[in-house]
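Q: Given only the sequences and the hints, what does the whole structure look like? Please build it.
Here the protein sequences come in this chain order: A and B. Okay, so the first sequence: first residue is 7 according to our numbering, each after it adds one. Okay, so the second sequence: first residue is -19 according to our numbering, each after it adds one.
Hints are not guaranteed to be accurate.
Chain B side only, calculated, beta carbon under 8 Å to chain A, not exhaustive [stated by the list, open to error]:
#1 S81
#2 Q85
#3 G125
#4 F126
#5 G129
DEER-style ranges, computed between Cβ atoms [claimed, not checked]:
#6 A/E425 x B/V98: 16 to 26 Å
#7 A/D382 x B/E49: 19 to 29 Å
#8 B/P93 x A/K61: 50 to 60 Å
Source of the hints: derived by calculation from the structure; they are not laboratory data. Even glycine gets a Cβ: it sits at the ideal position worked out from N, Cα and C.
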Amino acid sequence: MQEVLNQRIETAKASASYLPSEERTKAMTWLQANGLPHAKAEEYKYTHLTKVLEKEFSLQAGVAKSVVTKEQLSGLLFESVEAHHVVLVDGVFAPELSRIAADSKQLEISAFHEAQQKPAYLQYAAKEAHAEADPFIALNTAFASNGLFIEVKRGAAVELPVILYHISSASDAKPVIYPRNLIVVGENAQVKLVEHYITLGEAATFTNSVTEIVCQQDALVDYYKLQFNNPSAHQVGTTQVLQVKKSVFTATTVSLDGKMLRNNLNIVMDDEHCESNMWGLYLLNGKSHVDNHTMVDHRKPNALSNENYKGIMDGNSTAVFNGKIFVRQDAQKTNAFQSNRNILLSNDASVNTKPQLEIWADDVKCSHGCTIGQMDEEQLFYLRARGLSYESARAMLLHAFAADVIQNIKIEGIRTLLEELIIERLSK
Amino acid sequence: MLSIKNLHANIEGKEILRGINLEVKAGEVHAIMGPNGSGKSTLASVLAGREEYEVTEGSVEFLGKDLLELAPEDRAREGVFLAFQYPVEIPGVSTTNFLKSAVNQVREYKGLPPLDAVSFLSMMKERMKLVEIDQSLLSRSLNEGFSGGEKKRNEIFQMAMLEPKLALLDETDSGLDIDALRIVSQGVNKLKNKDNAVVVVTHYQRLLEYIVPDYVHVLYKGRIVKSGTKELALELEEKGYDWIKEEVGEVL
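A: The structure is reproduced here in structure tokens:
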């Protein structure tokens, strides 16, 4: 693998990229020295992405050679949701397929190549997602050639959600796709962001994405990551968040399908009175595998983080949850809560869950809990004793279990859509 | 209506019911009393279809059907209602929400069309008065954070909505203060008519001052060892259960 990787790096060195060159070089050097995670690497031991890459995919950055038409996308976008619809094909921003009705005084959306001189781009591009922190951040930084830059201007409250559709054209060459996003939300600005992944056709895909999000003072950001389009999708994505004073960031990650999905959500609370919420739901069957690694780093006092991930697992599906909470010595009066609850519906499904709290401050409130169990027989019996069939009682209980994650989704059209998908899935 | 013959039941290999015989007719109220561990709650659970109990012998006929053959939901649809001793908490499911499905599944079983939202709500409003229960309680997660009294009132409210033919009240009085007991009992009495029947399982006589039984049975070591009228309950209240144990001890 290392040999192939080194060859690709040599090729990439010679080709153009709009990512900051210093960070790009750093990433390449790091990859040459360290490579991709081997089977026993602690952080990736349950999710062997390197093996999949080696066997099935070409590391070459995906070139958007296949032309995707509006017709091909019809029915795949959330047409009924009033939003700024931003389409990216194989990692490349496609303005002709997008529908953006933004006032540029509030919201600017552009490709990296158009953003090179913008102060917010210069200040933050590739500055928070560090190559040495994660091999797949390094891989993306080394091989992504362009990206999407979104700036929400100071004081702007963007009413309509911004939905990013990552379209994989799934060409025969089986390239890896490297979406790269930088989103800077200005002081006292508000925005709702959605990342949604779509594969055209049935082919297996491999997406390695990095989304950096900066929440400046008093910013309010709702971020959604949706994964339900392709049961043969492989994804490893990092959402790297920087929070400045009094900002509120909420991430909701919903995974319903995927061959192998790895979501890294890293939040650095670099200032006082920040709040971050991490909600997650994975509802899996078949052979789906979802791995959620979250990290919240409390660096300053008086901040709150709240995390609730829930899993319902059927068939031969597997899930991993790893929740790191760091409370630095300076971060007194931190409140940090974490919960991961799982229901296994079949004997062949499995979950590995690991809370990881490291606390250096002494005046903090932290709690964590994880459970893995089966359906509650007593609850089932209660509902059946009132005349509900076994199937509807079961669906009702599972739906209620999932509901406290879904209810937090503030974009009504998307919440309704997910509700429908979930009800359909649970009634099977 | 209900005919129990020589009913034996085990849980985890331990025999709890050891030959119950009981006949309940429409319009009657039966009280089943007995010391702790005598099998009172087991009897109610077996009738409602709780799956951890294994019936090893005997039969239960309900309105001409073999009750033991039916799944719990079908027993409910046929008209059996169990008011739980410990109503379970279900986060995320409200009473209103699940009762609407329950009422309509029962109706479907009986070949009736489903109730629309308006009819369901007006039925709810009317039945809420019976047990003086508040709408806000019914919109909350079922039993989560409810007081003991609220849980039991909610059970009787559900009974009012489902209009069972046979109501099994499993220690509905336990943990209730006198005011809540009065409200719950009044609710049950208002629902009582010549076509339905009530079986009250209780340890104490107090509930029977409000829900007056036609027959009182004493359950001891898995058998009905004595039957009588409401005077038997008064006697048990006064003398406790020891004299029964002695009397039975001689026989057993």
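Q: Evaluate each hint against the coordinates.
A: Results for each hint:
Below 8 Å, beta-carbon pairs count as interface contacts, and B/S81 has one with chain A at about 6 Å; its hint therefore holds. The criterion of a C-beta within 8 Å of any C-beta in chain A is met by B/Q85, whose closest approach is roughly 5 Å, and the hint holds. Contact between B/G125 and chain A, as hinted, is not supported at the beta carbon level, the nearest pair being about 15 Å apart and thus beyond 8 Å. Interface hint status for B/F126: violated, as the beta-carbon distance to the closest one in chain A is roughly 14 Å, over 8 Å.
Taken as an interface hint, B/G129 does not check out: its beta carbon lies about 19 Å from the nearest beta carbon of chain A, beyond 8 Å. Distance hint for A/E425 and B/V98: a CB-CB separation of about 23 Å, consistent with the stated range 16 to 26 Å. Checked against the hint of 19 to 29 Å, the C-beta distance between A/D382 and B/E49 comes to roughly 26 Å, which is consistent with it. In this structure the supplied range 50 to 60 Å holds for B/P93 paired with A/K61, their Cβ-Cβ distance being about 58 Å.
Checked against the numbered hints above, the structure breaks hints 3, 4 and 5 and satisfies the rest.
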